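*Asks:* Below are the chains, spelled out letter by letter.
There are 2 protein chains.
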Amino acid sequence: MKKEYLFAPGPTPVPPQALEAMARPILHHRTGKFREIFKEISESLKEVFQTSNQVLIFGSSGTGAMEASIVNVLGPGDQALVINGGKFGERFLDLCKAYGIEIVEVPVKWGTAVNAQAVQQRLAQPGHKIKAVYATLCETSTGVVHDIEALGRVVAETNAILVVDAISGLAADQLRTDAWQVDIAIGASQKALMVPPGLAFASLSPKAWKTVEANPRKVFYFSFQLARKALEASESPFTPPVSLLMALRETLKMIREEGIDKVVARHADLARRTREGVRALGLELYAPDVSSNAVTAVKIPQGIDGSLFVKRLREGYGVTVAGGQGSLKGKIFRIAHLGYCNTFDVLTALSSVEGALNDLGFSCEPGKALQAALQTFETTH
Amino acid sequence: MKKEYLFAPGPTPVPPQALEAMARPILHHRTGKFREIFKEISESLKEVFQTSNQVLIFGSSGTGAMEASIVNVLGPGDQALVINGGKFGERFLDLCKAYGIEIVEVPVKWGTAVNAQAVQQRLAQPGHKIKAVYATLCETSTGVVHDIEALGRVVAETNAILVVDAISGLAADQLRTDAWQVDIAIGASQKALMVPPGLAFASLSPKAWKTVEANPRKVFYFSFQLARKALEASESPFTPPVSLLMALRETLKMIREEGIDKVVARHADLARRTREGVRALGLELYAPDVSSNAVTAVKIPQGIDGSLFVKRLREGYGVTVAGGQGSLKGKIFRIAHLGYCNTFDVLTALSSVEGALNDLGFSCEPGKALQAALQTFETTH
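The listed protein sequences correspond, in order, to chains A and B. Residue numbering for the first sequence follows my numbering, beginning at 1 and increasing consecutively. Residue numbering for the second sequence follows my numbering, beginning at 1 and increasing consecutively.
By construction, these hints were calculated from the structure, which means they are not laboratory data. Bear in mind the structure is a predicted one, so any value in this text is a computation, not a measurement. Don't take every hint at face value.
Put simply, identical chains are the same to the list, so a pair is met inside one copy or across any two.
Keeping only pairs whose Cα atoms sit at most 16 Å apart, straight-line, the calculated EDC-like set for lysine to aspartate or glutamate is [claimed, not checked]:
#: 1; residue 1: K299; residue 2: E4
#: 2; residue 1: K97; residue 2: E235
#: 3; residue 1: K311; residue 2: E4
#: 4; residue 1: K109; residue 2: E43
#: 5; residue 1: K97; residue 2: E149
#: 6; residue 1: K299; residue 2: E276
#: 7; residue 1: K3; residue 2: E257
So here's chain A without its partners, still in its complex pose (with noise of 0.2 Å):
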């Protein structure tokens, strides 16, 4: 009998109230009673978003949020400065690349966070056109989180405005928005709000609104501007994923019940309590000391085929992780920690880990990740 567990980051288990919620026949999004449920979600996520500025609502992935950031901010002739650690910096590395867009790179050394003191040595050299600094919360690929807050201070100096990709950090992640002075924050509905995939966000600051409206770029499902118009009727300027919203309205509450900051304490208190199994394997971590509350990297050990380790886990425990991406493929695991999760996932996920390196010559005594995960073991609820 096989039960299966999703510990990737993301998409993540939905949990059962949402999915009651996508069973529930199709509201008509021209209706007043789908204006009150699209006007709540759009308030309770500025919540999740820390942010008295509205949270734009877009069908897409979260890419698509990305990429909105990209074109209703920089026209023909502007710079963006890209904070580049992996996959994701890559991403708005690509997007720029797609549109044309010159970019002042700050790559950073996979497996560690920015130095903010490096993008403002390179925001007070003269004669730039950065008009944005991309930057990211949670680099999925690598388990790390940037310190958003101090490139905030940092671009908050300057013309250019802040756009965080926070996808798979909002809400596992401390992201202080408005309190940090992030411009533009992006997220998506697979990851700690526990949707599937088809929902991404994006709440603009009055400073990043100026520079949005002064782009001559004209654009279309992706328009911030239109999206705005839209949101004032409570409306989403296109069909919107209905039964997707409609279990975002279920997470939402969830989150609001719990209240935004122990949601973020709770990511915390698994994030450790995962590395502490992980470590008393032996094992070693891939960012020990900037490791994102959201996604535990660590590196497959020493003799260990890493893409053998996670088919192991999937085909004989049922455990989905993430392996490693790009240059790190077969040589990290990845576990999630995020979104519908709690003491006893991380619990399923260690005793899979030791079963599947058991399997493979790595031996591991049985109960040993998970008796170091309990050390400080209190009710999570």
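Since the structure of chain A is already known, use the hints to place chain B on it.
*Replies:* Same frame as chain A, now just chain B:
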């Protein structure tokens, strides 16, 4: 954030395949399509019951089929031998009393299993009118599994038939209906069959049918003869619980794929792990030598309030276990490892028990039970 876990000995968790099947539009039950499905289900049930007899299906809880096994079998003036070692032995007594049937009780100390010789001796006494012996496979209230094979040998030598309440035991404890000469075996949907409550089953041997056919008492909804007649046309005599049957079709597919002997072996493995874990905490099993694979009864340790403990598990950890019933109220708790359940579930159950005991002042070393449960951990897939 609260996730809910069901470790009570029924109802048990329903796998997603079955939940999906229940979400489909209702089929009409007097159609060729439904008859095909009904036939498929009744054939699959034979494998689960390990019988070549037809398995009758009733739209009721398990008690409905227990009642059927009384009213179809026993007429005015007949005697019933009832083996009574717990709440569900008592249920047969209550049913007999309701119908004015004379009872020959073989009382069994709670927490112990019946001695087949005691039954043999009682049946050997002259002058009785015992037409049926009522036994329990797994006595859910105490977690005791009774030796049905031995009872089968004893009863087969007489004119009486052997009726076994296998409701919570079926597919968790071994039950070889034909090989063990069980005349009527009774099951229900909400245990190891992994379907919500609402379906009950009864298989009848040729010897049982003779007794039923000779019984002058007339019944209707629970009539074995009406159910058999309808089943010959792949139908149910009355409107059946269609959506539950759709779910059952899916879970029977799962059981067929795993194989009934492997399903039973998995339950034995989970039971063993649970007991090793519980013992490692210094807790005492209620029925260590005759424990069912379906449920483990554990003595509440000295100084702990049993009801508070069960409440703490539910409210603090989202974990539902069962407390004690009748004279065992407050004295034991019962963890089921039943149905859609694997080793990871056992770890969840044990860690919640550790947590709740600690919360109430009974000191447990965190992770100790889990380590014990995992000593021989291998994939259950």
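*Asks:* Give a verdict on every hint.
*Replies:* Results of checking the hints against the structure:
For the homomeric pair K299 and E4, neither the shortest alpha-carbon distance inside one copy (24 Å) nor that between copies (33 Å) is at most 16 Å. Taking the shortest Cα distances, K97 and E235 never come within 16 Å of each other, neither inside one copy (32 Å) nor across copies (66 Å). Only within a single protomer do K311 and E4 lie at most 16 Å apart by alpha-carbon distance; the minimum there is 13 Å, versus 29 Å between protomers. Taking identical chains as interchangeable, the C-alpha atoms of K109 and E43 are never at most 16 Å apart, the minima being 38 Å within one chain and 62 Å between chains.
For a Cα distance limit of 16 Å, the shortest separation of K97 from E149 qualifies neither inside one copy, at 27 Å, nor across copies, at 75 Å. Taking CA atoms no more than 16 Å apart as the test, K299 paired with E276 passes inside one copy only; the shortest distance there is 14 Å, against 33 Å between copies. Taking the closest pair of Cα atoms, K3 and E257 come within 16 Å of each other only across two copies (14 Å); inside a single copy the shortest separation is 29 Å, beyond that limit.
In summary, the structure is inconsistent with hints 1, 2, 4 and 5 from the numbered list given earlier, while agreeing with the others.
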